[in-house]
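First to last, the sequence lines map onto chains A and B. In this text, residue positions in the first sequence follow our numbering: the first is 1, and each later residue adds one. In this text, residue positions in the second sequence follow our numbering: the first is 1, and each later residue adds one.
By construction, these hints were calculated from the structure, which means they are not laboratory data. Think of the CB as a built atom: it goes at the ideal place given N, C-alpha and C, for glycine as much as any other residue. All clues given are correct.
Covered by chain A, according to a simulated footprint, are these stretches of chain B (three or more residues, beta-carbon under 8 Å):
no. : stretch
1   : 3-17
2   : 38-47
3   : 82-92
Protein chains: 2
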Amino acid sequence: MESPLEKALTTLVYTFHKYSGKEGNKLTLSKRELKELVKNELELGEKIKEGDIDHLMKSLDRNSDQEIDFKEYSVFLTTLCMTYNDFFQEDKK
Amino acid sequence: MESPLEKALTTLVYTFHKYSGKEGNKLTLSKRELKELVKNELELGEKIKEGDIDHLMKSLDRNSDQEIDFKEYSVFLTTLCMTYNDFFQEDKK
Chain A
1 MESPLEKALT TLVYTFHKYS GKEGNKLTLS KRELKELVKN ELELGEKIKE
51 GDIDHLMKSL DRNSDQEIDF KEYSVFLTTL CMTYNDFFQE DKK
Chain B
1 MESPLEKALT TLVYTFHKYS GKEGNKLTLS KRELKELVKN ELELGEKIKE
51 GDIDHLMKSL DRNSDQEIDF KEYSVFLTTL CMTYNDFFQE DKK
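Required output: the full structure, derived from the provided sequences and hints.
Quick look at the structure:
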């Protein structure tokens, strides 16, 4: 049986493919796909503006191919995770 | 309401603290805590041997302080996530 940790990892992978499969290369996120993912899957996404997405895309797209591959997406999640962790530690203080 | 992605990120943070809080520094994993986390939360953990844990600890402990901090744990999760993704892509072939 899947543990909560394994289920969480599966969700991270599944969420990427839910959007990467929509258009163009099925194994990478275009800017439009990244925008949809952020808007639909993250609370902060509701308030995000076009300029923020441009900025996010540029900072994640390490190899500058205008697509976010799974490795680049993982870096994004790690950053999010560290922000969540900071909140968690603040909460416990 | 929390999305599945947000819930997954919370689980990653929560799982770390569930073990890091057991002994010593509450914000890092000792080797013993890492071992418990891997054994209890990952299927591969059931078959893992003491030598494997030594090896894992060494490879994750970038700053060689004998403790795994949250950033080092995130690197571990990223690696796991990329392995899951490889399986996922193989499955779809």
